[in-house]
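For reference, the chains in residue letters:
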Amino acid sequence: MKENKDNQEEKIIQELEKVKTEVVNYPGKKYYRISVNQVKEIGGKFQLLGREIEILALKSDLIPERYHRNLGVISPLEQVRLLEAKVAIIGLGGLGGTILELLTRLGIGKLIIADQDIIAESNLNRQILSKENNLGKSKVEVAIKRAKEINSSIEVIGHAVSVKADNASKIIEGAEVVVDALDNVPSRLMLQKACQELHLPLVHGAIAGFNGQLTTIFPEDQGLGLIYGANPTDLPERGSEVTWGTPPISPALIASLEAQEVIKILLKRGKLFRNKLLYLDLEEGMAEVLDL
Amino acid sequence: MLVKVKAYAYLREVLGGEIKVELPEGAVLKDLLSSLYLPPAGVEALIDRASGEIKPTILILKNGRNVRFLEGLLTKLEDGDEVSIFPPLGGG
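Protein chains in written order, with our numbering: chain A, 1 to 292; chain B, 1 to 92.
Don't read these hints as lab results, they were simulated from the structure.
There are no misleading hints in this set.
Cross-link-like lysine-lysine pairs, in silico, BS3-like; alpha carbons within 30 Å at most: (1) A/Lys276 x B/Lys6; (2) B/Lys55 x A/Lys276; (3) B/Lys76 x A/Lys276; (4) B/Lys20 x A/Lys276; (5) B/Lys4 x A/Lys276; (6) B/Lys30 x A/Lys276; (7) B/Lys4 x A/Lys271; (8) B/Lys55 x A/Lys193.
Given only the sequences and the hints, what does the whole structure look like? Please build it.
Right under this line is the structure:
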């Protein structure tokens, strides 16, 4: 079995070597590039997903051009790591749509997405998945289509359901990182509990008005309890976002920061906002990092 | 003793952003969160009038620690303490 696999990999690398193009990048460094179509063709020939072809290419110092601009800050082997990773995005609204967009372009190999909603007119101000011509469609369906249009190499597993205590673990199981892109406090607390049970890190982001907050929670951390209080059942389901609305800027910004936390966790690089709450007041131009 | 109070988001408007408050020695959070030291509209935004407790939608940290995990309104304050007050956010 292994021999067959090695043999196949060797053949794929030979194919890649045949079609590679030598390019000189802007600082004058030579590299060999593989195009999107070449990945698709070779993938089709060997009945493999694009990401598997891309992983083999990167391991052989051949650069899939779609990731070339990642490589100033992400090494080819780190790009392999991202292509091998599985990340769950729970919620596909203002936060989740942008997180999906970023992780898809970044080249996270497997994405789990979940949201039961359909696209509504009130989403158009901020949700990147929403368009006038897809109103009424399932967010998960629209999200899978968009992700595939951007990056056909990756896998997207969709759950068009409401994520609740009785199904959360099943949905996020197998993910290495879970991203909280929900829109209410009780669901976030439920998701944190499921992550703790499965020993998964959770990246939390939330917004209201021109404000946003971010923290990263590992299973042993107290996490959201430190923010929302010891007795979360006292809390109203909705917070200040009801009064202050959800304009487009804050979700896009917090979504970007959540995606950056995912990169840091997967690549074990940089400093996480762990046991820290980043609180942004964009109108005032204030960014505070509070130790929790 | 001098305590720094920092308010965020809409609470900035009613509490005045960042202010320094001179309190008597031995003061607790409840003393600070009164109209003696803060604008009445600010106190109104933080404290539930009926129960006298901190509203559930308000997060108060003393030097980064949620006061709900300390002694709530009876949390002791000391010179140089920083009290951060803000609404935790829930939207997405």
